[in-house]
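Trainee: Below, each chain spelled out in residue letters.
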Amino acid sequence: MNLTRVVGLAGQLALGSPRSRLRFVFTAAGMAVAALFLLAGAAVLPLSEAQRDRAADRSSTLEKGEPRSAGTLLHRGWSDVYLDQPLLVKEVAAIRSDAPPPPGLERLPGPGEIVVSPEVEAALRTDVTLRERYPQSIIGTVGDAGLTGPREWVLWMGADPAAFPTDHVPSSGWGAKPQDVPRLPGGLRLAVPVGLAALLLPLLALVVNAVRWGSQERDRRLAALRLAGMSAAQVRILTAAEVGLASAVGAVGGGLSFVALTAALARWLPGGGAFFLDALPPAPAAVAIIVGLPVFATLTAVGALRRMIINPLGVVRRAAVNRPGLWRLLPLIAGLALVGWLLLTNLSQSDAAVPFFLAGALIMVGLLVGAPVLCLGVAKLLLRMDRHPTMLLAARRAQASAGSAARVVGVVTLLVFAAGWFLAVLPMADAGNASSLARLEQSLKPQTMIANVERAPEPGELDLPGVTGVALLVQLELGVQGAASGGLYATAGDCAALSTVLRAPLPKCDPEVTYLTGVGEQSRLADGRPLAAYRVDSESADGLNYVELGPIRYGPAFERVPEGLEELGGLGLGIVPMSGVPTEALRAGQLLVTVSSSDPGTVERVRTAIQGLQEGGDREVRYVAAMIQQHQSVSAMYQRVTWAGLVLAFVVSTLSLAVALLDRLLEERRAVAALRAQGATVRTLRMVLLGQTAANLLPGVLLGLACTVPVAEAFFVITERPELTIPWTQLAATAVGCGVAALTAAALMLPALKEAIDPRLLAAD
Amino acid sequence: MNQVMEFSPAPDQSGAPFLQARGLRVTYGMTRALDGVEVTIARGDSIAIIGSSGSGKSTLLHCLSGLVTPDEGQVCLNGRDLSTLPDAKRSALRRQRFGFVFQFGHLVPELTALENVSLNLRLNGTGRKPAEETARRWLQDLDVVDLAGRRPGEMSGGQQQRVAVARALATDPDVIFADEPTGALDSANGELVMELLTRQVRDRHCALVLVTHDDKIAAYAERELVLRDGRMAAPTTGVPR
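Protein chains in written order, with the numbering used here: chain U, 787 to 1551; chain B, -10 to 230.
None of these hints come from the bench; they were simulated from the model. Be aware that a few hints might be false.
Okay, the calculated bits of chain U under chain B, using three or more residues with CB under 8 Å as the criterion [as the list claims (entries may be wrong)]:
hint: 1; region: 1182 to 1190
hint: 2; region: 1390 to 1396
hint: 3; region: 1453 to 1461
Interface residues of chain U toward chain B, partial, derived using beta-carbon atoms under 10 Å [as the list claims (entries may be wrong)]:
hint: 4; residue: Glu918
hint: 5; residue: His1174
hint: 6; residue: Thr1176
These figures come from a predicted structure and were not determined experimentally. By construction, the Cβ of each residue, glycine as well, lies at the ideal position given by its N, Cα and C atoms.
Construct the complete structure from the given sequences, taking the supplied hints into account.
Mentor: Written out as structure tokens, the structure is:
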């Protein structure tokens, strides 16, 4: 039988009847889903790297070893925000006429000129407020080479070289060297492949279930083919071809869906940027996935056939049903025992690392391998209880399906364990500066912006609609009067002005009381010696040379910053009357502006006015809430990637479970119809199916979460984080969510009961 | 969870037909499966519905047992039209008043023989222990009590069928519906099953509706009714032997 005939015959059999067409569609759909997810997972890293490469291409450089005089241009950049849209601003000034333009630009903009990305150009043409912020003349549009994504907001601003500090390092060209391009954080580079591997397990389970779909009917067809004269080997080849055909169609369909979806996402993804399609996964990876999946599916089918005897009288499965051995629980027990040992001993973090990871690995393997024992054990327990015939039926069906259900149950259990673990350690990502920024947000009034400014606003300069509070924080360098040395830092602000931006009114806001803070500084200043403000005058071989600017007038005692203002204190806030600070020491630092209006146009006008007080490369004007978000952006990215992977994996597992349930239901439809004929109500049958699913799955969910607890506790002990606790509410919610999702998947299959209980199935052959 | 719904037919009037079908018509797609069939069954009656494959025998049995609602016509049990009953009541009826024996037994493959036989009793509200005691007695009567702890996959065809008969009789039904009960058995086992079935039916004075294409099996019934292409090929009340 040549290949063409085999494929032709396989196609004929695959599409010859409604039921076989349905099976073909199911198998192909399973493959398509698997291909889509795998391609998407494989695309994440290349897309991220491509975006970073594009960003690096527009970094200015000076060749190593080149003198500064070789520089042809000056360049700096900052991040602006307009209506929550990030806008990258790049200021550039040509020193020499041969200064090269950056990628995507035909020439460098001069003073008063800007080159903008297409999205910014469209916005500038319609938005008056944005135009007020950037009133320069638009001389061109940034090409694709200068963007990280088709919807990125970028603005190149021409400037005079005199606008740059004298010590600003010039550049001679564009494009960071590969070794200088910041790669993705190591954690993310690890998280993505790990997430992909985690996704692979349920995807493969889905593939296997899709391939086994309708296997009983196919068995009858195989026997008929043998009866017609085909040899066992020919029948196996034909079956493999049928599965291969469906899988290939599905994999190609998944690939095409990926291309179409990616093209849509490339234009649609919100937040600007998105990505260019030239960064899609490299061809070898895509080919490996689209070819590998059908090969895997075909091998799975061939492997299954090897366990069967196909003769003209029927198909017999060779292997007897083996009860899962208790040895399958050993890895889980060993892992938990190791965790218990870690909790009891007091190993240092470095000593505990290896045993901890070993314990985690053993537990994860144990959850997968031990799933059949768990399923069978729970079914037996329910049988012992047997309070109702519905429970009896559900328990018996769960017992009979323990082996096949364990495939999905193991994966779901593992996913739940991973989710629980992730929830438990999540608070660690919020530690540190993020929490201090959160406390800062609690100190300031809502909608307060913070910006670093070079000069104080002129009187009335920020008297704009919507502005209800303006306060300037000045930075002081202090020292003991007459000591000719500073080294102590404080930030001071006008008491009355600060009250306009702080949530809580300042206590004792009068000239006689001074608050000075800073870690450890109180003790150094507590001796009551008079203080003075200092400025660094020069630097010599002996160190910094200070100039005394004048005495600081303060009240009779130093007091701690009142509760609630610690974060401002953490920034070195000292609330002193501004009249108590020498004028020369009033070097502007941070401006706080509270805007009462939520009108975006009003907010942007205020932001534009604040930017007028700024110079240099730090012109961000941000809401504190946005600062918190940005600070957490990296940890948020980890969270998003991990949660996306876990949720996707769970969805795929649930799909796989639904497919397996439906397949089994249709295989056993005569038995189900007979039950119905004898008087079991449809409601009873539904409860049996849901009970069977719950009996198989819910104990796995609970076990997965239960294993999280000792592992997380051990982690907290090892990392010496006693303040972290098990998030019981979130774990319970996860358990409930997983259980509900799985039962919903089972419930979605219940309409198939209609076909299963058709009395015509009972008609004698 | 499973309401024990009682089916209370109209009071039995001696001599009146127990189960009666009038003017039955059933169509599946373009195929007329039954066309104007009428049959009357009294308590204790045994009737064999005979016909070739595709004549509508099983469809008639399904209509008489309330599994299928006819497109036209009526099926009355003690004067009450089954098609007017909601699904839950018809299910209760099948559990409490009817017993079924199918060609391949159609035992629940995951349950043991004892559990299969006791299942309907338990669905009717009988407790587990009394249901299993009753089931065990029936398995004893049918000489398969040794198989109480075995699953259908561990039994021969004949053994499965005897367990199926025990299941059908366990609830003390008024009517047994048997659709080719010996179709998958060899002649010796087939005769054994029919002997057991008809003896029990006779002893308990319940009606037997037997569908078969085999004249030898049909001979176990007192009357026969012949179907051809969905129509009666014999007088409507069935031809007595």
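Trainee: Indicate, hint by hint, whether the structure satisfies it.
Mentor: Hint-by-hint comparison with the structure:
1. Note: the region 1182 to 1190 of chain U has 4 residues with beta-carbon separation from chain B under 8 Å; the three-residue rule is met and the coverage holds.
2. Residues of the region 1390 to 1396 of chain U lying with their CB closer than 8 Å to a CB of chain B number 0, which falls below the three-residue condition for coverage.
3. Only residues whose beta carbon comes within less than 8 Å of a beta carbon in chain B count, and the region 1453 to 1461 of chain U has 6; three or more means the coverage holds.
4. At a threshold of 10 Å, the smallest CB-CB gap from glutamate 918 of chain U to chain B is about 70 Å, leaving the interface hint violated.
5. The restraint placing histidine 1174 of chain U at the interface with chain B holds, with a minimum CB-CB distance near 6 Å, inside the 10 Å limit.
6. At its closest, the beta carbon of threonine 1176 of chain U sits 5 Å from a beta carbon of chain B; the interface hint therefore holds under the 10 Å criterion.
Taken one by one, the earlier hints fail for this structure at numbers 2 and 4, listed in ascending order.
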